[in-house]
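**Student:** Here is how the chains run, residue by residue.
There are 2 protein chains.
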Amino acid sequence: MPTFRAPVVDYRFLFRELFDVASLASLPGYVNADLDVLLTALEEGGRFCEDVIAPLNMPGDAAGCRWEAGDVKTPEGFPAAYAALADAGWLSLACDPAYGGQGLPFTLRFAIDEMLYAANLSFAMYPGLALGVYEGLYAHAGTALKELYLPRVVSGKWAGTMCLTEAHAGTDLGLIRTAAVPNPDGSCLLTGQKVFISAGEHDLTENILHLVLARLPDAPPGTHGISMFLVPKFVPDANGAPGARNAVFCRSIEHKMGIRGSATCVLDFDRATGWLVGEPHKGLRAMFTLMNAARLGVGLQGLGLAGVSYGNAVAYARERRQGRSLSGVKDPQASADRILHHADIRRGLLWMRAFVEGARALATWTAFQIDVELRHPDSSVREEAADLVALMTPVIKAFFTDGAFVATNIGVQTLGGHGYIRDYGMEQFVRDARIGQIYEGTNYVQALDLAGRKLPDGNGRMLRRYLAIVRAELAEAERDPNLAAMANAFGAAVNRLSRGAMHLATKGIANGDEVGAAASDFLQIFGYVAVGHMWLRQARVASQRRVTGGKMDQRFYDAKIRTARYFFERMLPQTETLLVTLMSGAGNVMDFDDDAW
Amino acid sequence: MPTFRAPVVDYRFLFRELFDVASLASLPGYVNADLDVLLTALEEGGRFCEDVIAPLNMPGDAAGCRWEAGDVKTPEGFPAAYAALADAGWLSLACDPAYGGQGLPFTLRFAIDEMLYAANLSFAMYPGLALGVYEGLYAHAGTALKELYLPRVVSGKWAGTMCLTEAHAGTDLGLIRTAAVPNPDGSCLLTGQKVFISAGEHDLTENILHLVLARLPDAPPGTHGISMFLVPKFVPDANGAPGARNAVFCRSIEHKMGIRGSATCVLDFDRATGWLVGEPHKGLRAMFTLMNAARLGVGLQGLGLAGVSYGNAVAYARERRQGRSLSGVKDPQASADRILHHADIRRGLLWMRAFVEGARALATWTAFQIDVELRHPDSSVREEAADLVALMTPVIKAFFTDGAFVATNIGVQTLGGHGYIRDYGMEQFVRDARIGQIYEGTNYVQALDLAGRKLPDGNGRMLRRYLAIVRAELAEAERDPNLAAMANAFGAAVNRLSRGAMHLATKGIANGDEVGAAASDFLQIFGYVAVGHMWLRQARVASQRRVTGGKMDQRFYDAKIRTARYFFERMLPQTETLLVTLMSGAGNVMDFDDDAW
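Protein chains in written order, with our numbering: chain V, -13 to 583; chain W, -13 to 583.
Bear in mind the hints are in silico, worked out from the structure with no lab data behind them.
It is possible that some hints are incorrect.
No copy labels: a pair is met if it fits in one copy or bridges any two.
Below, a list of computed lysine-lysine pairs in the DSBU-like style, where the Cα atoms sit at most 35 angstroms apart [claimed, not checked]:
#1 268 - 316
#2 537 - 132
#3 59 - 493
#4 132 - 59
#5 537 - 143
#6 268 - 493
#7 132 - 143
#8 268 - 132
#9 268 - 143
#10 59 - 143
#11 316 - 493
#12 537 - 268
#13 132 - 493
#14 316 - 537
#15 316 - 143
This structure is a prediction, so every number in the text was calculated from the model and none was measured.
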């Protein structure tokens, strides 16, 4: 069975040396976010994930969820773990103290989320969705709904879901048909069927709050006629306790490739009572508050899975002996060398490491921007941070999940035949990682969001702001002669990103298919540059601290610099081919007769 | 449930127009290999796979194999299908008529194998391994063993296995410990444990023949002390019927990510009776006869899975409606356009198509070389063909299985959320495909075989021979102005292959790690060039026949040329980055402290 070791050491570097996380305490509302508090929380959170959550992961995959006459039984241990999670304060971390939260920064929330997802993705989806409903209600509901529901989510008593997809409406939410008919008392009756609803039914909490997209009778067709409703499984009684059973039922659960401990439900709404959240017909926009948070969360899932797979792959490669090193016997006293000495094994492990540590730095950078966006007193600073978060959201979602799928597969490959056997747990990470490229908007949807929406917005304002930051980092790195080769490689990749953006801007006007055909390659280039930005910064800081002294030991800084080198020499060059294929245009995919397929 | 449609139309093109398969009938021993016979066999074999084998695939995955007190029950329908396969002649196709075979060419065998693997990989592994034992005995056993065993394998009554791996000895077979002690009567008693033995125990046949690697008492250590033995589950009696139960027992079966209908067994040999096959201590070399055939077979598995995933992905994309085409509404009468109109969906589908049709052509080209190697009257022609097959074996194994994993994942992605659900069957292709990169020598082992063994052999003789053929094709294409862009792209990729080979030859001498760090990238470049060679040829032939007329319709030739264009513009450019990373050297993977991991 694989083990999970929390990446606390790396986070210590990120919080104390790579980013000025201590400065968060000076933002209004974050007065309690003392760096020591955050670092202690990190350590305790890591231990909680290691000891309580991770051991349920493999058994949960084997058992899966069980549907019985509309009820869903989650794997053994999940209900107790959910209660423990809430009791220990890991649910309420970043929630508003007004509703029982701790008001700590998202920079910490993201780090804890990575660890929860790494320890047990299936389990961690339940609190993740509960917090999604918290965010949705917090941002869009009126005071009465907030006061009734939010404290119960924050305390872990009630969980929640996002009900968007219908059988014929996945990517295309404009097609949804679920209908909401107003009652005289201001509530509505919802009727329709939702599919692929994660955490749609379970035995973890006494109530489940469904945020449901549906159409009011006067709704215009398409995406501008969708409203958001809150439909609780049990309608709260006068005391706020779960009261009458509402008419929402779990018809079945899906049997999936992975995340088998997460209940994926078909939900039937049969004149279920719900309450409008936010304005009529503006539900899709409201849902995007959750969607964007969820997309970043999915990216963190990828990061977590890649990280736990990496840790287990390294542990195996340190122990397993097969063959002899090609540069000469390394352990003459043993019958074979450890496979860690084989160049291709290292090539794979370093890919994982460079991806994980680069993505972790980028996630932390982005979380920091979220905190600035939420809390900074200066509105222009908030706006710039919001731009950066908006720009990075599709990149983190898609690039992290694509990378996680590569990384977890390297993890399997490192173990050879054992990687393919369920008992070793490495193949579960692959199966669990695979959904990340699909849900919360397929990675193509992310690419279109980036290339077709974020890029043109304000004539490229978001990208310009981001490139200014990137180029400042590049200029700093260019001053350190030790970083010349890396800076050079990175500068070339940044230019490729600009050229790709230019191609989209010029070709995309006349023909939308030019955007469609180039978007995924563009997002990949963006991802490499964004992670490269983090590697350049890590290399620079490590290079400086190696000389001036820092809080980590020399070996840590050395490893950072060498991993950076691997990234720049073996991963970033991918941008070269990506730009070639991006620039090859839409003709080679569109010019194909419909009936020739 | 997915469906399988046999790629008979594409094979008709390959057999009649791309390659001169008709000429095989002029080779000694292939007098019955009339082109019409082969094409009829293709069609009938395709139908058999569609109707009999494919329907067992998803149920077989769901049921898996069951171990009961040493017996293994395969999924329902497998035993009857095995009998039907043998009865219909699909097992004996390429076997020697002296032992009941039909003596047909490997060019046909490969095509039938692709279809069997596509229809049901788990099932097709059983006959595949039986034929592996056939090959091993045919090449290395004495007359008595051959006459006793071969007809029973060919008739489908007895099946077989290859027993190589032990728990501590996977890639490194020099470490195996299973011991063989000679009896006075010439037989031996084998004791040891083998793991990961595919088809090690099952209910398909009345007997199972294990080809086992073990050490004789006087064996030198390492790979030069390994001998090959035949250990039947039941020792044949005087009439050649299954007699005494031999002391080989299935202790357990593995629970795997995929190929769940294939029994992967732990086999205990407890003084089991066996007979030496071939010379003492030369068993590993003998086993390589089987291994090479098995590696090509694994490549065909990848091809098959990619092909069946492609067919189902296209079928879904033709039906599913989501969103509107970015270049304008395509089906105004419907609520949404078919996803086949979305550029990124097409980009994925064309990747699959270009991979599948290119790999299929390359497999057929290689099978043709095998037939020449086996049958041509001129020994120098046979030797050249043998070189080409030896060179291509690791490429087909690794490049096809890597590509199949990409392709089957595109298949999942095309279906979005439905791709992740078991009922749609697309995720099974991914799980089944994943093992191909691992077994029969991991893809890194293939890369080392290519870069460290095949390349230096005779000072690069194999590569020189191959490049001469490739450059002749390039010269032909350069004469057709329609193919100028493709020829140009291909020429650049061929040069990258040469430069990669030169890098290996020069750097590898001083430091073996330089070979290890570059081998996988080199194999990938080789794969792209080898498939590119086939695409250039297909484009050339299609371009000519479109004008002069051929046996296929215009639409077929057009689609070939457009798929070729996609390959040259969007897949082959990958060789650019691969050469950069290959040339980046071993330093960036080897310079990492052991204790810094």
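**Student:** Quick check: which numbered hints come out false for this structure?
**Tutor:** 2, 3, 5, 12, 13 and 15
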